[in-house]
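Undergrad: Residue strings, one per chain:
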Amino acid sequence: MNQARTTAPVEEGGPTEPAPGEPPSDRSRRRPRIDLNMSRFSGLYLIGLLVVVYSLWLPETFFNADNARVILSSEAITGILTLGLMVSLISGVFDLSVAANMSWSTIFLGWLQAVVGVDWVLSIVLTLAFGVLIGVLNAVVVTVLKVDSVIGTLGMSSVLAAATYWLSDGQSIVGGLDPAFRELGSSKWLTIPAPVYYFAVIALVLWYLLSYTPAGRYLYSVGSNMSAARLSGLKVVRLQWFGLMTSAAVAAFAGIVFTAQLGTASYDSGAPYLLPAFAAAFLGATQVRPGRFNVWGTLIAIYLLAIGVKGLELQWPGEPWIRDLFEGIVLIVAVALAARSAARRMASRAR
Amino acid sequence: MNDGQTSGVLHVAGLSKTFPGTRALQDFSIDLHPGRVHALVGQNGSGKSTFIKVLAGFHAPDPGAEATMHGAPLRLGDPAAAYAAGLRFVHQDLGLVMTENAMDNLALGVGYRTRGPAHISWRAQEESARSLLTSLGHEFDVTVPVERLSAVERTTLAIARAMQGWDERAGLLVLDEPTATMPARDVDRVHDLVRRVTELGSSVLYVSHHLQEVFDLAHRVTVLRDGREAATLDIAETTPDHVVELMTGGIWVAEAARERKPVDGDPVLEIRGLACDVLDALDLEVRPGEVVGVAGIDGSGRDEVAGGVFGSRTRRGTVRVAGVELAPDRPHEAVGLGVGLVPRDRHADGLVMEFSVLENLTLARLKDFFSGLVLRTSRERSDVEAWIDRLRIKGGRDTSVNALSGGNQQKVVIGKWLRLKPRVLLLEEPTQGVDIAAKEEVHVLIEEAAQSGAAVLVCSSDEAELVRLCSRVLVLSQGRVVADLAGAEIREEAIIKPSLGIPTARDRAKETIG
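Heads up: the sequence lines are chains F and Z, in that order.
Be aware that the first sequence starts at 15, since it is given in my numbering, and climbs by one per residue.
Be aware that the second sequence starts at 37, since it is given in my numbering, and climbs by one per residue.
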């Protein structure tokens with residue numbers, strides 16, 4: 015993240031105007047300043063608070079390295095899916111098909127390896143390519159057929175669910191995965207499971223793309239004000255294609271990692287991830303750079319959600335509905351917070 | 037004014053309306069005679085629309101106003117009282133539901149014809165709709181959605197809806213700029229419609245910008261200036277020139293157009309037969325360094341020129357920039373050829389409001405700072421700092437543009453294009469909502485752009501601005517060029533008169549040439 019941006023008060027209320035005759039000194043701004051501003055890093059404080067509370071409450075089950083590792087690695091799949099989803103949200107389109115896409119990719123990959131007998135490397139390539147194709151179809155529906163993205167990708171979800179069932183007969187594909195492939199998901203490095211590293215790589219790549227390339231800035235502008243972006247000469251349709259293709263390709267990747275991690279091509283693998291992905295993406299948009307979907311905010315949000323749920327699950331292991339309840343509430347609260355801060359920004363404009 | 041208090045349909049006296057900070061109407065009086073068309077004219081901000089809104093009950097007037105309708109007291113500021121007294125309004129946007137047909141639109145106000153408790157009798161509904169429209173001299177399909185009707189048919193429908201279930205002899209129909217966005221060929225048909233309404237016995241208050249229409253149609257005219265009644269005159273006893281003088285107070289900014297050298301060189305912007313909604317076959321060439329203005333009242337086509345050229349608005353005709361033809365509906369190609377557009381609505385179209393000054397300034401071309409691998413943010417920042425100084429933007433580069441004043445926001449929009457050294461700069465209302473000091477700064481920026489070789493087109497409703505900036509001004513009225521002024525001819529009066537539909541012999545001669 016570039017420092018000038020994170021230290022600058024993007025929100026209202028800060029010292030936005032430098033005193034006349036005193037140009038802001040570049041040097042002071044460039045120096046990395048540790049600024050864990052409450053309004054932008056409230057998620058980190060909450061994480062700290064939750065860890066302390068849960069550790070005191072559940073000293074045996076919560077506060078140990080194994081549990082930390084479980085949280086870290088179990089969130090890798092959610093994290094990958096959420097980061098992809100975030101790119102489409104940034105470009106101003108909802109991609110509700112990411113979860114169905116992940117389910118499809120899981121079954122398609124398993125089918126390629128176990129039923130067709132395709133080499134595992136090729137099967138990964140084909141699955142990713144199919145994921146991109148799904149993104150293209152979404153983009154056609156949204157930008158050419160002009161179907162609202164919520165509806166269009168909801169329809170695509172259903173189509174993908176049908177295709178998944180058709181290919182798998184509604185069953186998980188057990189066995190038949192190449193051991194070398196399963197190794198990709200189960201190996202560890204420095205005691206941390208490989209999927210965490212894949213998640214980290216996706217996060218770094220998207221952070222670079224969104225913050226350090228023109229395309230990233232252009233994506234944000236399309237999502238914020240499509241008309242102004244178009245009138246600035248940006249190819250807004252192409253950018254929305256890019257957003258939808260990225261979210262679809264990353265969703266396919268999430269399916270691949272999930273399959274490798276589990277060692278089985280499980281049926282309907284994506285469904286439980288849809289809501290947490292949206293909850294984390296919207297909660298993430300209240301963090302680090304409030305008002306914008308961003309990589310670091312999303313990371314904070316993912317782990318905030320995960321830790322919050324984990325403690326409750328450990329306390330009441332017999333109540334599996336706790337997760338759904340918690341994630342649903344967080345999604346609503348996150349969107350409400352975003353709406354409130356947007357309204358405040360609008361009010362500060364209408365002076 | 038002659039006192040028609042006894043015979044009048046509507047009599048209003050001593051009407052004032054104060055808004056916080058402004059006095060929109062002051063001691064205004066008006067008297068309307070039965071079966072007549074009474075015109076209400078005035079410049080933007082003269083209080084016309086405030087008066088209409090008070091009459092419709094949308095605003096309550098200041099205490100002390102008195103009003104009667106056919107001698108009976110009328111309570112102003114109460115929509116139900118206005119309706120009960122027989123006042124009917126057709127506003128400029130007509131208020132029709134575009135996706136429904138004429139029948140349904142007619143039923144919106146008064147309900148459907150029913151047979152039994154809740155059973156709509158469609159046949160009776162259709163017949164009554166038809167007969168209502170026929171009484172206004174128009175027949176069209178009442179079963180197609182309104183969006184497929186022509187502008188005149190829609191206006192007819194809106195008038196018919198206002199008039200249904202109404203005692204025409206007692207009523208007063210208020211038409212607010214009914215022809216403002218209508219092509220010239222349709223205006224006569226609306227006039228026929230208005231005459232038909234008066235033949236049925238009602239009176240009409242006709243609000244218009246367009247003096248030619250007023251003189252064609254009205255029997256009397258009331259001129260508003262700065263919230264006061266400047267005069268009420270019989271049309272037969274006055275002239276358009278006199279009315280313009282009353283509207284403007286007869287005061288023209290005496291500033292002679294400053295000496296501007298004719299600009300030589302090949303035109304960089306060539307427009308042939310540009311047509312949009314109202315705009316009809318505009319031809320125009322602009323040379324590098326030239327500032328050409330486009331004037332006209334709202335709905336004259338003035339607002340369509342820049343967007344049509346840029347390709348952000350659907351157009352017909354050809355546009356060439358430096359000899360290369362621009363595809364319609366391809367703003368990015370226009371930008372690629374060095375065209376910039378400063379749109380009329382900077383919040384909706386000019387700025388990404390959530391973005392900082394820096395992000396907005398560089399949005400149109402970030403590749404200047406892209407090494408191929410990473411965005412050189414330090415270089416971007418120092419470039420933007422330089423532009424903030426040059427544009428004299430009061431606000432830091434990381435300030436959200438939300439937090440800037442209108443003038444500073446506008447400087448960001450203009451700066452976004454100046455940074456690219458544009459060949460062609462198109463501006464719509466460049467100083468709307470901008471304070472006086474910033475206005476002058478924006479004007480200087482526009483002049484500097486021209487001096488550095490851009491062909492500049494300024495579309496503005498501010499005549500003084502056009503006098504200040506332009507070496508040539510085209511005046512549009514109902515989609516066509518009605519005056520083409522150059523050099524010393526460019527004066528406010530010379531712009532306003534033709535835009536209000538008062539052609540002079542000289543203008544007509546020019547129109548046939550240009």
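Read the hints as simulated data drawn from the structure, not as lab findings.
Since the model is a prediction, treat every value here as computed from it, not as a measurement.
Some hints could be false.
[To be verified] Simulated crosslink set (SDA-like; lysine to any residue; CA at most 25 angstroms straight-line):
hint, chain 1, residue 1, chain 2, residue 2
1, Z, LYS430, F, PRO304
2, Z, LYS403, F, ALA229
3, F, LYS160, Z, CYS312
4, Z, LYS475, Z, ARG426
5, Z, LYS89, Z, CYS312
6, Z, LYS457, F, ALA229
7, Z, LYS430, Z, HIS479
8, F, LYS249, Z, ARG401
9, F, LYS160, Z, GLU183
10, Z, LYS430, Z, SER407
11, F, LYS249, Z, ASP365
12, Z, LYS403, F, VAL251
Undergrad: Each hint: holds or not?
TA: Hints, verified against the model:
Of the supplied pair hints, the one linking LYS430(Z) and PRO304(F) holds, its CA atoms being roughly 24 angstroms apart against a limit of 25 angstroms. Annotation: proposed proximity of LYS403(Z) to ALA229(F) holds, straight-line Cα distance about 10 angstroms (limit 25 angstroms). For the proposed pair LYS160(F) and CYS312(Z), the alpha carbon gap of about 24 angstroms is at most 25 angstroms, so the pair holds. Our distance criterion of 25 angstroms between C-alpha atoms is met by LYS475(Z) and ARG426(Z), whose separation comes to about 15 angstroms.
Distance restraint check for LYS89(Z) and CYS312(Z): the Cα-Cα separation of roughly 31 angstroms exceeds the 25 angstroms cut-off, and the hinted pair is therefore not satisfied. For the hint pairing LYS457(Z) with ALA229(F), the CA-to-CA distance comes to about 22 angstroms; that is within 25 angstroms, so the pair holds. As the CA atoms of LYS430(Z) and HIS479(Z) are separated by approximately 17 angstroms, the hinted pair is consistent with the 25 angstroms bound. At roughly 12 angstroms between alpha-carbon atoms, LYS249(F) and ARG401(Z) fall within 25 angstroms of each other, so this suggested pair holds.
The suggested pairing of LYS160(F) with GLU183(Z) holds, with an alpha-carbon distance near 20 angstroms, which does not exceed 25 angstroms. Simply put, LYS430(Z) and SER407(Z) have alpha-carbon atoms about 30 angstroms apart, too far for the 25 angstroms limit, and the pair is violated. Distance restraint check for LYS249(F) and ASP365(Z): the Cα-Cα separation of roughly 12 angstroms lies within the 25 angstroms cut-off, and the hinted pair is therefore satisfied. Only pairs whose Cα atoms come within 25 angstroms are accepted, and LYS403(Z) paired with VAL251(F) is accepted, the gap being roughly 19 angstroms.
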